[in-house]
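Visitor: Join these two chains into a complex; the hints should help.
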Amino acid sequence: MKTHRFVFVILLIFLLEAAAVIFFMGREEKPSQDVAAVNKIVKTLENDWDQTARAEDVQKKDNVAKADHAKERKAALEPFDYVVIDNSGTVLFKTREHLSETISQAISHRDTILDVKQSEAVVGKVIFYNSWAENSAARKRSAVLCLLLLLLIQAAVLAGYAAGLYRKLVKPFRKLEGFAERIAGGNLDIPLEMDRQNLFGAFTESFDIMRAELKKARLAQAKADAEKKELVAKLSHDIKTPVASIKAASEVGSALAESARMQENYAQIIQKADQINSLVTNLFTATLEELQELTVAPGDMESSELTCMLENADYLHRAGVCAIPPCLVWADRFRLQQVFDNIFANSYKYADTAIRVQAERTGSRLVVEIEDEGGGLPEEELLFIKEKFRRGSNARGIEGAGLGLFISNYFMEAMDGAFTVENGEKGLRVGVAVLLSGIR
Amino acid sequence: MKKVIYKTENLSKSFSNGGTQQHVLKNIGLELYQGDFTVIMGASGAGKSTLLYALSGMDTPTLGTITFGGQVISDLNQDGLCVFRREHCGFVFQQIYLIDSMSVLDNVLCAGLLVNRDKKALLGRAKELFQAVDISEETQRKFPTQISGGEAQRVGIVRALINSPEILFADEPTGALNSKTGLDVLNTLTKFNQQGQSVVMVTHDMRSARRGSRILYLKDGAILGECNLGRYVHGDEKRHKKLSAFLAEMGW
Numbered sequence: 005m006k007t008h009r010f011v012f013v014i015l016l017i018f019l020l021e022a023a024a025v026i027f028f029m030g031r032e033e034k035p036s037q038d039v040a041a042v043n044k045i046v047k048t049l050e051n052d053w054d055q056t057a058r059a060e061d062v063q064k065k066d067n068v069a070k071a072d073h074a075k076e077r078k079a080a081l082e083p084f085d086y087v088v089i090d091n092s093g094t095v096l097f098k099t100r101e102h103l104s105e106t107i108s109q110a111i112s113h114r115d116t117i118l119d120v121k122q123s124e125a126v127v128g129k130v131i132f133y134n135s136w137a138e139n140s141a142a143r144k145r146s147a148v149l150c151l152l153l154l155l156l157i158q159a160a161v162l163a164g165y166a167a168g169l170y171r172k173l174v175k176p177f178r179k180l181e182g183f184a185e186r187i188a189g190g191n192l193d194i195p196l197e198m199d200r201q202n203l204f205g206a207f208t209e210s211f212d213i214m215r216a217e218l219k220k221a222r223l224a225q226a227k228a229d230a231e232k233k234e235l236v237a238k239l240s241h242d243i244k245t246p247v248a249s250i251k252a253a254s255e256v257g258s259a260l261a262e263s264a265r266m267q268e269n270y271a272q273i274i275q276k277a278d279q280i281n282s283l284v285t286n287l288f289t290a291t292l293e294e295l296q297e298l299t300v301a302p303g304d305m306e307s308s309e310l311t312c313m314l315e316n317a318d319y320l321h322r323a324g325v326c327a328i329p330p331c332l333v334w335a336d337r338f339r340l341q342q343v344f345d346n347i348f349a350n351s352y353k354y355a356d357t358a359i360r361v362q363a364e365r366t367g368s369r370l371v372v373e374i375e376d377e378g379g380g381l382p383e384e385e386l387l388f389i390k391e392k393f394r395r396g397s398n399a400r401g402i403e404g405a406g407l408g409l410f411i412s413n414y415f416m417e418a419m420d421g422a423f424t425v426e427n428g429e430k431g432l433r434v435g436v437a438v439l440l441s442g443i444r
Numbered sequence: 015m016k017k018v019i020y021k022t023e024n025l026s027k028s029f030s031n032g033g034t035q036q037h038v039l040k041n042i043g044l045e046l047y048q049g050d051f052t053v054i055m056g057a058s059g060a061g062k063s064t065l066l067y068a069l070s071g072m073d074t075p076t077l078g079t080i081t082f083g084g085q086v087i088s089d090l091n092q093d094g095l096c097v098f099r100r101e102h103c104g105f106v107f108q109q110i111y112l113i114d115s116m117s118v119l120d121n122v123l124c125a126g127l128l129v130n131r132d133k134k135a136l137l138g139r140a141k142e143l144f145q146a147v148d149i150s151e152e153t154q155r156k157f158p159t160q161i162s163g164g165e166a167q168r169v170g171i172v173r174a175l176i177n178s179p180e181i182l183f184a185d186e187p188t189g190a191l192n193s194k195t196g197l198d199v200l201n202t203l204t205k206f207n208q209q210g211q212s213v214v215m216v217t218h219d220m221r222s223a224r225r226g227s228r229i230l231y232l233k234d235g236a237i238l239g240e241c242n243l244g245r246y247v248h249g250d251e252k253r254h255k256k257l258s259a260f261l262a263e264m265g266w
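Chains as they are written, first to last, in the numbering used here: chain A, 5 to 444; chain B, 15 to 266.
None of these hints come from the bench; they were simulated from the model. Any given hint could turn out to be false.
[Stated by the list, open to error] Partner residues aside, some chain B positions facing chain A, computed with beta carbon under 7 angstroms:
1) 26
2) 37
3) 40
4) 77
5) 236
[What the hints assert, rightly or not] Partner residues aside, some chain B positions facing chain A, computed with beta carbon under 7 angstroms:
6) 24
7) 41
8) 235
Note that CB positions come from ideal geometry on N, CA and C, so glycine has one too.
Extracted from the complex, chain B is given alone in its bound form (with noise of 0.2 angstroms):
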């Protein structure tokens, strides 16, 4: 049995919009396991990030309780949230927001010295990572302008995952990138959910949702169905069906 790390009961998010309210999660009720690699598809509006937002703490839910190990995030105020934001959870986003004026390293490191003061320890954590998502010690001192788009995006990954937390979240990563670098991303996110990395991905990319363990399925702000596809295995034609299957019943 799996380990829950997240637990929501009827998360709702409603939207107030000129007097007419839009709710865009209704009653969901999820369970997220540890090590699994999640993806939430779903057309555009469906509520997707907002979904991903409610469980990060990004954002708070009009009604229902969210439940992080045994914390009730949903009660957190916005101090409460920024400290479980920071210690628990990574995120990659499709823009990657480095700071221009900071080197690739010190943008990691700047990120790894709001949760620990051990400087040492971070630059190990660091080039351990870079080595990892294969950004050499030259990259490491350019700075943002100075690199690719695939490449900013691993290091984005490298901040993501400079804390250690135990959930990376990602919104569609890979949706800024070509193909080859955003296969690149999504290589190395396959790689470090297999080191036993929780990773909740939204994605409307068939290519990325391959890779995810437990698929979600979104539909006017509610799970119309899930699909476990198991552990990523490259070139399974078994595993890809299946899950073409299921978006077609899904009505993707």
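Only chain A is shown next, with the shape it has when bound in the complex (with noise of 0.2 angstroms):
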């Protein structure tokens, strides 16, 4: 950059000011005055006084003749203006108008009044113009536009600077702070516009190849992450083979079975197997959500396919028969499914008491609520307890992974219906609303 240019300058245009000021305090002069000339006026004066007042007569019945006459004088006696008066105070001769023209007014105006003599006697005077003020005046003048131009140039220099710096200083910084939001909210994908030309050009850069590397971080953690979760997907899917030929050999076994012992037994290896299945369909339900390829296919139903879904989930018949009322709704079978075998299958394992259901039509939609006797949860777990990974207190000693409800309000989103869990009169009350069809 030409700073040293520009200081430079800036220095000159100071110098040339300290010159300039200088210069015009070295000009003052004292108010004095030429006194040989002065004294060459009055002897001319004096020599030509007879021509002079005759001028005077004459003054009216020639008047070109007395300004030929009054010019030559002029010339000779530059660069005095003065004027000549009688004794008795008739004005002979002018050099030019405004001049003082009487002594009252020559004092006041701090005129040179010089007596002009012949033979002795006083005929005259002459009164010499006092010009030092108005000359100072016009000094001034002159020294304080010189100072404002220079002044002027030196704003001009300096407003110029400020642009300069906006421009290659200021907005390069106004760009990267746009940068780092974008950086801080996770948009790597826009590079930082490099401009070698300004002062931060190898900055900038720097700051570009920390997104880049960002951005590499950031596609390699997440294709490490998809594939993690794939995997576990994929062992979720294997595990359910061998699980479902557990369940079925312990099946059976506990038909062949002959004593009630192995019977128990074989009923405790099934009761586990399905336990087991129940984990791995949530694990692998969950996993599948993170890698967004988790389907919702609602579509119309009739609202009687509900009880056959709430009698497969209910397996163990701690519901009593329920009536939903005949209207079309907007689900996913497969899913909604899914939901209702959370929901018993949760309370089977934390309340294990009888379970009440109920449904109606409110509104547009198809609520169902299913609530058990096992005394709910805290108020404050309710608000979390949808939440990933989360658990009631009363959930210690059992065995889960505080999925189930998580996905179920997953699902019901999904299907533009409400997953609520709250406290009930006995326990703890899931609702379960599906959107009437037609109504969206």
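Guide: See the structure below:
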């Protein structure tokens, strides 16, 4: 950058200003008169007194002649302006208008008054005009104008520099600010525009390298995450097959078992296999949800199908028969079954009481309420119970991953329905609201 | 407050089609009022005719209830529905279905005799109606093949009204007619409506829809919106604009 040049220009202007100030101060003149010149004029007047007095007489008759005379004289007697008066105060001659023409005017104007003598007798007076004040004002004006001009140049140079500074310094910083905000917001795709011309060229470049590296790292991490989740999804799927075999074998075993003890053991195996199965299902679903591959495809279905779903989910027959108002609902059969499965499985696990199911149509929704008698949950836990990996305080010692309600909530929202968990009269009350068809 | 003559709750109709279910009407909750000229509009396949058939008892809904003046008709069996239709409803279709072997007057009287045995009274009513739809006595003696389409449709209206039904159902009544004769039919329907006859008409014709006092717009088996236009006034631009704006909003 041309900082040197700029400093040089500013210094130069400053020096010029200083020089001008010194020059004008030095030019300040003292109010002195050229005594010799003044005396010379007086002498000339004394010599030409007759002519001067006569000139006054002919003044009116011969203006042209007088003017010529005055011009001639003025040329001879520059640089003084003066007025010649006789003893009676009559103006005999003046070099120009607007001069002091009486003694009193002359005194108040600090003019120089000299006597004109003819053979020792005073015949008139010369009043030399005091022009010092006027000259000094003119000088001041020119000095101020000169300084003003210099100041203007200085201001212009400074303004130009400020503009340059803004363009080169502030603007790149502003840009950097927006860039930093985007980076902070996680948008790593927009590169930073680089301008090697400005002061921060290299600086901004390193910022952009940082962004590129961050992006690379993030992509790598996302890929690793996805691979991990895919592995989990695959594994959970693979686990289900042997578990199903174990269950089937145990069922056969249970049927063939001779002693009650053996039968009980087989029942235990079957129960645990069921448990593993439901855990793996939820794990699998949660992983898919993260992979954004969890599809919910709602369609129109008759509400009577919900009765079958509830019966399927309630395999221990804890709930009484409930009448479902006939209507068409907008839901995904498979996912809704999963939601009901989760609710009943939870109730079996944590409450293990009778379950009340009730369905009614409210506005644009069909709401199925499932309530057990297990006492519910503390209010502060209810707020967060639908979050991922969140389990109630009563879950200690009971197997589970904390995914069931999270997934159920996800499913119901994807069907434009609702999933609510609250405390009822005797226990936890879960509400599954399904949108009625044709309402959207 | 207008008197409700029809009320439906959760009215749904599904058809099974090779294993897959097709839901044509979805949870329709609707009230129809006495004296209204209700027009049901919507794109093809929106369920307009299905709704009309369900309301008129020509078909039974899969789910939900239909109440007609305190009587739940969705619970009726086929015989009950048959009596209901005969006594309370009149029908005008796109195809007129007059019996070719009977004269125009006999076609009308035949429908009347199913309900009313008093032939004299029927004749009086028929005469009155024929006069109203501008069908001369000469035409009344002709056979259906001898009259024009417009005349036939007006005979159809007379036949529909012979039993003084509480409600007249019209399914695209002008669909098979040309512009001029279609206008005659619409004028006839408007006239009867303004004499107090409740009418429910299905159409996808803007000119016919203009006659309605209440427009229901059906989409994908649900009522997307409705527009109350009030009594039909010939040449009322404001009314026309309101209907156009409504249909534009509905995506007509």
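Visitor: Does each hint hold? Answer for all of them.
Guide: Here is what the structure says about each hint:
1. Hint status for residue 26(B) relative to chain A: holds, with the closest Cβ pair at about 4 angstroms, below 7 angstroms.
2. Contact between residue 37(B) and chain A, as hinted, is supported at the beta carbon level, the nearest pair being about 4 angstroms apart and thus within 7 angstroms.
3. With a cut of 7 angstroms, the hint placing residue 40(B) at the interface with chain A holds, because the nearest CB-to-CB distance is about 3 angstroms.
4. Because the closest C-beta pair between residue 77(B) and chain A is about 4 angstroms apart, less than 7 angstroms, the hint holds.
5. At a threshold of 7 angstroms, the smallest CB-CB gap from residue 236(B) to chain A is about 3 angstroms, leaving the interface hint in force.
6. Contact between residue 24(B) and chain A, as hinted, is supported at the beta carbon level, the nearest pair being about 4 angstroms apart and thus within 7 angstroms.
7. Interface hint status for residue 41(B): upheld, as the beta-carbon distance to the closest one in chain A is roughly 5 angstroms, under 7 angstroms.
8. Checking residue 235(B) against chain A by beta carbon gives a least distance of about 6 angstroms; that is within 7 angstroms, so the hint holds.
Figure legend: structure checked against the earlier numbered hints; every hint is met.
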